[in-house]
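Starting from the known structure of chain A, arrange chain B on it as the hints suggest.
Residue-level listing of the chains:
Number of protein chains: 2
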Amino acid sequence: MAEFKLHCFAQSGNAYKSALMLACCEADWEAVWIDFFNGQTRKAEWRDTVNEMGEAPVLEHGGKKLTQSGVINAYLSKHFKKLGAENDDEELEVLRWTLFDNHKLSGVLGPYRFLNVLMPTAPDPAVMNFLKGRLDAAFAVLEVQLGRQPFVALDRPTIADLSCAGYVFYPADELNFDFKADYPNISAWMDRLKELPGWKPPYEMMPGEIFRAQR
Amino acid sequence: MAEFKLHCFAQSGNAYKSALMLACCEADWEAVWIDFFNGQTRKAEWRDTVNEMGEAPVLEHGGKKLTQSGVINAYLSKHFKKLGAENDDEELEVLRWTLFDNHKLSGVLGPYRFLNVLMPTAPDPAVMNFLKGRLDAAFAVLEVQLGRQPFVALDRPTIADLSCAGYVFYPADELNFDFKADYPNISAWMDRLKELPGWKPPYEMMPGEIFRAQR
Numbered sequence: 001m002a003e004f005k006l007h008c009f010a011q012s013g014n015a016y017k018s019a020l021m022l023a024c025c026e027a028d029w030e031a032v033w034i035d036f037f038n039g040q041t042r043k044a045e046w047r048d049t050v051n052e053m054g055e056a057p058v059l060e061h062g063g064k065k066l067t068q069s070g071v072i073n074a075y076l077s078k079h080f081k082k083l084g085a086e087n088d089d090e091e092l093e094v095l096r097w098t099l100f101d102n103h104k105l106s107g108v109l110g111p112y113r114f115l116n117v118l119m120p121t122a123p124d125p126a127v128m129n130f131l132k133g134r135l136d137a138a139f140a141v142l143e144v145q146l147g148r149q150p151f152v153a154l155d156r157p158t159i160a161d162l163s164c165a166g167y168v169f170y171p172a173d174e175l176n177f178d179f180k181a182d183y184p185n186i187s188a189w190m191d192r193l194k195e196l197p198g199w200k201p202p203y204e205m206m207p208g209e210i211f212r213a214q215r
Numbered sequence: 001m002a003e004f005k006l007h008c009f010a011q012s013g014n015a016y017k018s019a020l021m022l023a024c025c026e027a028d029w030e031a032v033w034i035d036f037f038n039g040q041t042r043k044a045e046w047r048d049t050v051n052e053m054g055e056a057p058v059l060e061h062g063g064k065k066l067t068q069s070g071v072i073n074a075y076l077s078k079h080f081k082k083l084g085a086e087n088d089d090e091e092l093e094v095l096r097w098t099l100f101d102n103h104k105l106s107g108v109l110g111p112y113r114f115l116n117v118l119m120p121t122a123p124d125p126a127v128m129n130f131l132k133g134r135l136d137a138a139f140a141v142l143e144v145q146l147g148r149q150p151f152v153a154l155d156r157p158t159i160a161d162l163s164c165a166g167y168v169f170y171p172a173d174e175l176n177f178d179f180k181a182d183y184p185n186i187s188a189w190m191d192r193l194k195e196l197p198g199w200k201p202p203y204e205m206m207p208g209e210i211f212r213a214q215r
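Top to bottom, those sequences are chains A and B. Sequential numbering from 1 applies to the first sequence in our numbering. Sequential numbering from 1 applies to the second sequence in our numbering.
With the rest of the complex left out, here is chain A (with noise of 0.2 Å):
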């Protein structure tokens, strides 16, 4: 049996980060398939016994049950030493970073894509521009800050990449975004992001197969 075990499917951003991290950390993981799409982690026994938040991913460790990406990458960071942070002031611009992306990236960019490609009904238009006017906002912020620097906090790749990375990687038609025309920097950052050792897109990271809702 695998020491860490990551509660997770493939059209998760959010597990994504966690199983990234990881992947990163070359940790001793497998992955658990989460049903999603028949409502697994919104039933009352996964509420109840599990994550009380009813959202993925959940990482097991020694006893222990972890959620929410940023607490479980905090953690792992501790553990295995890595993309973490080596001071106060460090920290700190990590946890910006975290909290950045939590309010305005991948707590915005998931819903889009969600409703953009994997709900049975098309989306209102109005949600959609609502949405992608924030994206918009939040993208420009993250290319100004990659202009100044290779990574997201620091000068070297912490957890709050990996954060900001969560939904970057899926197909370009699940986002509507177009990253090497619109955001050079951020397109740049991705590449830099390939690089690290264990980096795989999220399909081939975790358990599920594409998919797109039929209308």
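I should point out that these hints are in silico values taken from the structure, not numbers from a laboratory. Incorrect hints may have been included.
Below, a list of computed lysine to aspartate or glutamate pairs in the DMTMM-like style, where the Cα atoms sit at most 20 Å apart [as the list claims (entries may be wrong)]:
| # | chain 1 | residue 1 | chain 2 | residue 2 |
| --- | --- | --- | --- | --- |
| 1 | A | K64 | B | D178 |
| 2 | B | K64 | B | D48 |
| 3 | B | K64 | A | E143 |
| 4 | B | K65 | A | D178 |
| 5 | A | K64 | B | D136 |
| 6 | B | K64 | B | D28 |
Just chain B now, kept in the frame of chain A:
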């Protein structure tokens, strides 16, 4: 001159999280009003010299400039040894609920309220319904958690409570939620937070007047 300066404005729930923290820590602090509605935080000068994320609040202390309420409050919690974690497990739990708040609660309630009462044009009902659905789900999670324990992350108040409480103390017509009727555990938790020494509602804590967009 006060030891701590918080750049803030009364309408910002994210700024309120840090103003409340400073008050609860009995810090020597002063509020510096941000002219948000005339675009101060979105101007190039603000982005270049104060906060590249284009957001409030910003804390100045001892030559440092900190942004993101979650970062500011983690810093203050360590500085004053108040409302923080006492061991690694507690620290992860405080972080977990702070991330949940950024992702699912304040990250959605902030824009919802902004569209509801602060934008010059009336919001699209489809957008409001979308955000309301996400908020109902987030408040349901919080309601269950606060039925199990008196505070969000631990059995005592922490900065995770201040995070989740960023927007809930604004006037009811700004939020369109009736916590007393629909979320009795959240309502009881709000009453407990009001007992914190230094607690005041947002419009009494920070400079700025209550207003409603004229439509």
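Hint check:
1. K64/A <-> D178/B: This hinted pair is violated, its Cα atoms lying about 36 Å apart.
2. K64/B <-> D48/B: holds (15 Å)
3. K64/B <-> E143/A: violated (24 Å)
4. K65/B <-> D178/A: Violated, because 34 Å separates the two Cα atoms, which is more than 20 Å.
5. K64/A <-> D136/B: violated (29 Å)
6. K64/B <-> D28/B: holds (16 Å)
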